[in-house]
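A.B. asks: If you read the protein sequences in the order shown, they are chains H and X.
Just so you know, UniProt numbering puts the end of the first sequence at 359, numbered straight through with nothing missing.
Just so you know, UniProt numbering puts the end of the second sequence at 359, numbered straight through with nothing missing.
Errors might be hidden in some of the hints.
No distinction is drawn between identical chains; accordingly, a pair holds when it is met within one copy or between any pair of copies.
Claimed, not checked - Here are the computed lysine-lysine pairs in the DSS-like style, where the Cα-Cα straight-line distance is at most 25 Å:
{"id": "1", "residue 1": "Lys202", "residue 2": "Lys292"}
{"id": "2", "residue 1": "Lys6", "residue 2": "Lys292"}
{"id": "3", "residue 1": "Lys101", "residue 2": "Lys6"}
{"id": "4", "residue 1": "Lys190", "residue 2": "Lys101"}
{"id": "5", "residue 1": "Lys190", "residue 2": "Lys327"}
{"id": "6", "residue 1": "Lys53", "residue 2": "Lys101"}
{"id": "7", "residue 1": "Lys247", "residue 2": "Lys318"}
{"id": "8", "residue 1": "Lys338", "residue 2": "Lys292"}
{"id": "9", "residue 1": "Lys202", "residue 2": "Lys338"}
{"id": "10", "residue 1": "Lys125", "residue 2": "Lys318"}
For the record, the hints were derived by calculation from the structure and aren't laboratory data.
There are 2 protein chains.
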Amino acid sequence: MYDWAKLQQFCEQVFARAGVPRANAAIVAESLVQADLRGVESHGVVRTDIYMKRVEAGRMNPHAEPAVVSERDMVTLLDGSNNFGAVVGTRALDIAMARAKANGASIVGVRGSNHFGTGAYYALKAIEQDLILLVMSNASQTMPPTGGVRPFLGTNPLCVGVPAGQEQPFLLDMATSVVARGKIIVAAQKGEPIPSGWAIDKDGNPTNDAQAALNGSVLPLGGPKGYAISMFIDILSGVLTGAGYGKYVNNMYENWEEPQQVGHFFIAVDVSRFMPVEQFKRRMDDYIRLIKAEPKAQGVEEILIPGELEHRQTLLRKRQGIRLPLKVAMELDAIGQKYGLDVSAAAFGEGSIMGGSIA
Amino acid sequence: MYDWAKLQQFCEQVFARAGVPRANAAIVAESLVQADLRGVESHGVVRTDIYMKRVEAGRMNPHAEPAVVSERDMVTLLDGSNNFGAVVGTRALDIAMARAKANGASIVGVRGSNHFGTGAYYALKAIEQDLILLVMSNASQTMPPTGGVRPFLGTNPLCVGVPAGQEQPFLLDMATSVVARGKIIVAAQKGEPIPSGWAIDKDGNPTNDAQAALNGSVLPLGGPKGYAISMFIDILSGVLTGAGYGKYVNNMYENWEEPQQVGHFFIAVDVSRFMPVEQFKRRMDDYIRLIKAEPKAQGVEEILIPGELEHRQTLLRKRQGIRLPLKVAMELDAIGQKYGLDVSAAAFGEGSIMGGSIA
């Protein structure tokens, strides 16, 4: 097991020693460990290794700050200058939140970015400010269009965060594929098979082999509807912002010649423009309680609100620690050694790499 | 077969004779017939009968104009005053388009509305103005939350329209259910069964009986993801605007005591704030052509862009006419007789109600 705070400190120090300005190193580390805390392993410290490799290869530039291309009224276009996606996304969020407070709502289009972690990382910060946030991003090609056989669209994520009162906030953070490709990456790392219907292999055949799926295509959520949702996210994040789209969004694991050219799209809405915040929160609480009070299907213990499970995981993992797959623990150990840091200082009890047993 | 222009004129005259101001009668008629032209029968003139019944019962008020509740910067809150949804939606769209041109983008939240037809009706008008439009609406309860057994959420539609250059515009207009409930209504009217996986009956059991499905629940698109998407649409359209949400959105076929209390949410974006419109359209054309040029799966003749099929249907049906199910043709005939109008004047050749054969 790993202590979340020490693990976050380890990642922050690694990024800092690799030349990332301290404040930005802290952002990236926080975004990764928050994902592990929420149970979204696919976007957690498992990404540290690839992020470091892209910095070391000069494919990400941690020294160039994101720059505003144009900004008027409530619309801003931001160029990420190929910095870490989490750094670029945080800058875009800060602009979106400030503009929404000033104008009632705001839109920030982003180009020149990289994989920005989870949308939830940004939505949770907006929720703290009583803002509703819609955030989306395109990604490198992993899904075929409906009727196609090879990857064209990314699993372009859609995230929506809404503040509530006494209830947990509404927090949808989904890939537009049947499942997040990261889940398949994790399965491949664990050497586990994947359920049918998740993906097709490179020849377009259904597969339960995680590695074959990674070499093939993840399938869109709900067929043509998921295809269309993924497309409009690519259009807003990429075609409209001047970022890459389709094949022009580069795969961070495979393309070592070019930057990723990822684009994002943020929409922030100030609740108070529609009704007093407290009234809105009471309505959200009522809405959430009505859903949770619905009669349950056989075998269902509880009807959950999007984000509720991840919130509970966070509380649990902050207490009990974060368990990492052996492969990830060993990657972090190697990175630590390279930068004169010891990840085992963040580990405790059995299940840590020091304890040997990881499972 | 029915001539689309004459059918639209018939509907417009019916609404006008029922006391709807001429300009508004024209809007509602155009919205219905456009849906039939696009092949979205579920939102076509099949709705004339229920719209008329609600006006006659005093559950819709065609005489009260929508009123702006608050308007500042780029955020507007509109009260539909319980007018026709298409009238309210058109007013909201006009505000959204004007504000987007002035501010780069705009948001219009709407309460006090009714069933507003297809989102495509609004998106196509925005596309003509080189605007990107996201429009959503909540609806009366037809889908269970994930883990539930009875309807709580509507099949809350999401529509996104994006202009292109020489290619057809991107136009996604989807229900957040596996299929639009209207398709099940049409199946029930035709006395046809529905595919497995579309719906559950009132006891939560899978069913292929269209009527049993209408008495039960339509299932959300892709399970928990569709549940969450439908929820955020309900939150933005209903909880945030002051409209109904969940059980507070009334079923237009079943509740004759109260107005529907439907809410909508419009987001308009001016493409020119991000790059010159012509450059954007070239990028859209490139994007669309890249997708359509993808290798096709076995048996697939063509990879389609969202909205492409409906555009072709429109061209075809404007030439060949609109075929109506006997039940709908007879409803329109009865409505015509009631208001001293003859729908058969819009019919031609076999397949019309005069010709007898409808199939």
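A.B. asks: Of the hints stated earlier, which fail here?
C.D. replies: The structure breaks hints 2, 3, 4, 6, 7, 8, 9; every other hint is satisfied.
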